[in-house]
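Visitor: Work out the full structure, taking the sequences as your base and the hints as a guide.
Those protein sequences? They're chains F and V, same order as listed.
First residue of the first sequence? That's 3 in our numbering, and the numbers climb one at a time after it.
First residue of the second sequence? That's 7 in our numbering, and the numbers climb one at a time after it.
Derived by calculation from the structure, the hints in this document are not laboratory data.
We put the beta carbon where it would ideally sit given N, CA and C, even for glycine.
Check each hint, because a few of them may be wrong.
Facing chain F, a subset of chain V residues (Cβ under 8 Å, in silico) [to be verified]: (1) V124; (2) V1007; (3) K1020; (4) Y1107.
One letter stands for each residue in the lines below.
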Amino acid sequence: MKFIHAADVHLDSPLRGLERYEGAPVDEIRSATRRAFDNLIELAIAEEVACVLLAGDLYDGDWKDYNTGLYFIDRMRQLESAGIQVFIVAGNHDAASQITKQLRLPDNVTLFSTSKPETVVLEKLGLAVHGQGFARREVTEDISSAYPQADPHLFNIGLLHTCLDGKPGHEPYAPCTVDGLRSKGYHYWALGHVHNREVVSQDPWIVFPGNIQGRHAREIGPKGCTLVTVADGQVAAVEHRDLDVLRWVRCVVDVTDSASLDEIYAQVRDALQQALDAADERPVAARLVLQGSSPVHSSLHSDSLHWIQEYRALASGLGGAGMWLEKVAIETRQAVAMEELLERDDALGGLLRAIHALEIDAASVEGLANEVADLRQKLPPELLGGEDRYDPTDPGYLASLMEDIKELLVHRLVSSGDA
Amino acid sequence: MEIRELNLLAFGPFSERLLDFSTAGGGLHIVYGPNEAGKSSSLRGLKALLFGIPSRTTDNFRYENKDLRIGGTLRSHDGDELAVIRRKGNKNTLLSADGGQLADNSLSPFLHGVSAEVFEMLFGIDHEALVRGGQEILEQKGEVGQALFAASMGSAALHAMLEHLETEAGELFKPGGSKPVVNAALKEYSRVLKEINAQSLSSRQWGEARKALERTNKELDQLQAELLQCKAERNRLRRIQRALPRITARRELLLKITALGDVVVLAADFGKRRETAARELDKAIATVNGATRTLEGLQQQLAAISVNTEILELGETIEDLHARLGGHRKAMQDRPHLEAERDQLLTDTAALLKAVRPDIALADAETLRPVLSRGARITDLGNQRQALIERERQSVKLQREQEARLQKAREERAALAEAGSSEALHKQVTLARRQGDLDESLRTARDEYAALEQACRHDLSRLGAQWQGTLDEIPGLALPSRESIDRFEQAYADVAERTGRLDDRQAEHANMLRETQKQLDEIQYAGSIPAEQDLLDVRSGRQQAWELIRRQWLGGEVVDTEARELDPERALPEAYEFRVTDADDVADRLRREAERVQKQASLLAALSDARARAEEVAGERAACAGEQQQIDADWASLWERLAIQPLPPREMRAWLDHMERLRNRIEELHGQRRRMDTLEKTRGLHIQSLQQALQDLGEVVSTTESLESLLTECEAVADRIDNLARQRQALDKEIHTLEQGLESTRLEQQAASEALETWKGEWQEVIGGLGLGADALPAEVTAILDSVKALFGKQNEADKLQIRIEAIDAEARIFREEVASVAARVGPDIAKLPAEDAVARLTRLLGDTQREHTRRQQFEEQIRKSQDDINRAEATRKTMRERLDALCKEAECPDASGLELAEQRSNEYQNSKHAIDSLELELRDIAEGMTLIELESQVDAADPDTLPGEIESLTGRIDDELEPLKTQLAVTKGEQQKELDMMNGGDDAAVLADEAQSVLVGVRTNAEQYVRLKLASRILRNEIERYRQQHQGPLLERASEHFAVLTQGSFAGLRADFNEKDEPVLVGMRPDDARVYVEGMSSGTRDQLYLALRLASLEKYMESAEPMPFIVDDILVHFDDERSRATLGVLAELARKTQIILFTHHHRLVEQAQALGAALPVMVHEL
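Guide: Structural data, given as structure tokens:
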């Protein structure tokens, strides 16, 4: 018997951080979460699995389009025709979702209760699935503790949406411990909520399959589901299968040894090409990070927009399944120390000292926030809040810009003679 | 910092051009070079020395990039000097004066963090920057802050840059705008959000749509049922309505049939048969009567016609004669003309004969005919004559020419000499050529060998002092393996790492020891601490005292000595008491201060433990040191056999690399030597073979060293020999050809003479009979032949005419005889007429007789026809009478007059019967499966009066109410179904959500740039103002002094004033205190104003920081002589404090500077 364990599908949640530009592979990434989910359906049918376990966060909490639910039902019907059972527990996002409440699921789908643990026994397969969903967005108690003990005559699976004992970057919902889970005597714990793939334990198997499709620059690397084979009432094999249709990667290029912009360009090309080659014919969304101390640090910073264009064009020209350069983060350092310039008692020294003072003293930066208060007022709430919040008046943010501003001003002052 | 020397070793147009700036006490250095002398190159060289040669340099036209070198010596303020050489490259571009590698940052102590760009900005000024600086002052309207700031930065376009920052920011975002990038993107974002909402489907919408559809379906079902019922009722009523009149009519018809009683039913065609028979009978009687009358009239007319049969019988003969009459008349007219023509021809014939052969009579002319038959042969022979004569003449002439040419060729051949064979020589040359240019190869090989050897020696010298040996020793050297070096490096690293770790641990232990000791001390300083041992000691004292008391008391022993020993001060009882108390005290304290005691004990234990561990570490450390020594020894012994004191492994690896490269190169060198020797040998062998070949040919052999020149010589000899042989061969061939030609010409001439003789014989033979001699020319013979031909032609024509005349006469006779015989049979009067007239008469008579005969035949035909009509009508009359009799029998009628009534009754009965049948058919149709009886009972039950009303009301309900409702519901259902179908799980909203995110990132990216620009602008403006407030006073004062000098007193100085907007601005003060705003100054004056500010800033800067050289590039081009001299003065004055290097193309400046006098030190360097 085989079954598939997936979680955190977040159907129809948008890909974040991809600014459109000429040459970006827009069509290649269309409906990425749906296409990844289609891959899941295809895999389940091809592998002739007995059931599919979805460990929460099927939808995105604030997404209201009922079409998403209709799409999901359609795919569940495909599994129904193939004789595949589906077990779902609601996660924190599903609890908040309007779609969940209205949907009439086909007969092959079991949605576990959110008020108490339930057990579904499939006698023919010798299988018992235990589960309980989230009744509301914030569940802070250990709901696994109320799960029943394993049935010794069956293969027992626990389906649970949890942060386990706390994972950075994830809300601390339905916390529990490995020991607590182990004490239930189950063979396999199918967990969800943590977006990174992780095998927490092999005895019993406690697995986070990660989400099936990365949706922003922090969800990098291969994404997919876990395919489990059961033989003689024991787990015989646990394999990860990639389902993602777009691969997010972080390309870090250390430019310390490059003396010229041309050399850096060549390094960037190699790094991007490598990332594209590693993605197995998938389109890639890459964040390019340039690090290290460099003699061309100033040129990179002061002309960053130009270089972003250049690297985007470069990424577009690499071919393959296409590459979207999500962001170019220039985090290089000046190769020549500027300490002595800082001490100079002239206009240049004064200017550099002023910028330096702003950089290290957040309080003095606040005075500058007024300059951009108008801008803040116009920004939409989606930008001012959320995980990647952007507040142009935030002193920490303003202080972080000082290196850029220093290079911008010095470069323009120096080259103003050539203007 | 100061530049002591600039040595352009290999740069631009220079090689080893030294500029010595090392005069004591600074000074103004003028580097003068006319155009093309390399002033700009030397200026670039100076910058390149300090900051590196740009990767795209233009100064590589004389030396290649890799060979570019600039040397220089720098001296810092503290007197440190450094001599360096700069090469071009990305890394490691600094070399020491002796060629050793220097770190790239070696110049940092001299440059103080100044980059190339900053150096050019702060410590360089050229003419362009000066003009721009002046222009900038005008653009910022003399604003003091910007002017001072710009002069201090050396930045010439501060104002423009500030404006540019604002413009750029404005293009990105404006609070009230809609076009700037961010504003537009925000608008786009809210549009996409709206679009997402529009495309999104809420679960409520979907549920409602589904429910609505279900509701409509139910309503539609109900309506269908009702409609069906109404339509059924309406059908039933309509049936009754249709059946009602038919049932009534049927009943009436049945009554009528009963009333008719018994009726003979006649066949359907009875009436028609009866009428036809009566009509045909009447018609036949009338026909018989009419035809009998017509017959009688016809027979009377026939009897009146008569016809002549003789003429009718001769009809064909008469028509033939009539046809031949025209031909007969024509022949009679032609005959006289033919006779005249025949006579003329006979006359002409006689005349022709007389002209050719007057000796022959006309009757004998026939003897000439055989000559005429030979005409073609005569013409053919005549044509051949000229060609035969010409052929003989040509062959004689050709024979003579050929004989002359043969004679000449034979003479030339006899004059040519014989020569030897060049084959051997060719072979040797080819073999030598096949080797290529051996001279050149040898030369190249030697050069390469020398270069390689030089390179090896160079490498050897670079190997360093570690190893002293010769090149020849190197191939045989047993070098340690790279793996050994790696092993040692690893071993060193391990030991070092271990040592470090042990040192750390040692320090850690020492620390712990100190810390523990400190805690122990603290406890102990706080008061003595009773120890378990103290208690044991006191208790043992007490026990001792008690033993003594007991011995004294119970044993009566004297224990004084022992008691004193125990306690010299106290008597035994007191001593015992004291010890009891003491023991109690100690025990109490132990109990009371148990914690401190415990702590002390644990600290003591920790202390001893820490010491033990420290010793252990010290031991390990010593072992490490031992190991290190062992490795050192092993490392040294590894290199012993090479007699090398090794450096650390990393450096020795580099040495080994070097050595291996050198070894490879030496192998290459040996290979090159072998190639060179082989080449020399090959070349010698070829020279020898070539010389031998020449000698064999008897040529003089030169003793040249160059293979090439020997080859050229050999090739010339071979060419000569080959040429001679070719000429001889050509002449032999020509003589042979000429001899053959002469022989064939002789044969031809003989044949031509024989052909001419044969012709003459034949000619004489053919012209015999014409009465001409054998030498008659062909033209004469042809003329006579033509005349004979004409004679015989005319005679033939005359004979033909005679025959025609005789034929005409014979035909006329026959015609007349035939006419006469016909006329005799018809009538004697006609026979008397001439033949022509008789034919005309006969023809007319024949026409009349034929017309009468035709009329008679027509009458006979009409009579036959009338007789037939009468017979047929009689037969018909009989048949019709028989038929009428049969009809009476059929109708059971006594005679034909009752037939009509019987027919009427039969029809009436049959019609009623048919009407009933058709009504019943219709009723069955209407009944739709019911029996007639059931239908009749339904009809009888219905009320005919209310029937139409009921039907109308039902129709109204169906058409006006139920059907429209049904249509409407069907449409609604369709719409609802469509709406539901469209809610199909599409991803339009999701795709839009992606787009919204994408727009949002765009907003963020551009907003970030906006923030950077805004902040940059604000910070810069703040700084400009701060700088002005801090430095305005002293800077303006100094600049004012410079300005006065630079303008040669045209201005007394500078001052800060306020303009109409109350902003501080610069004004120039005239000696009479008049103010001149910058807008009022000439451009030259503004340039000097900018220069004054720059120099003041520079001086101010030097007050607090180490000076850097100030590089001035031809700024005085547009200054007049006065101001130019003044500026030089100011610069020379300033040069006392810092090094100033002025580059110029203009010799005038050199002269002006030298004229400044000895007080101001000026050094001129000519390029």
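Visitor: Against each hint, give a clear statement of whether it holds in the structure.
Guide: A quick look at each hint next to the structure:
1. V124: 7 Å, holds
2. V1007: 4 Å, holds
3. K1020: Since chain F brings a Cβ to about 5 Å from V/K1020, closer than 8 Å, the hint holds.
4. Y1107: 5 Å, holds
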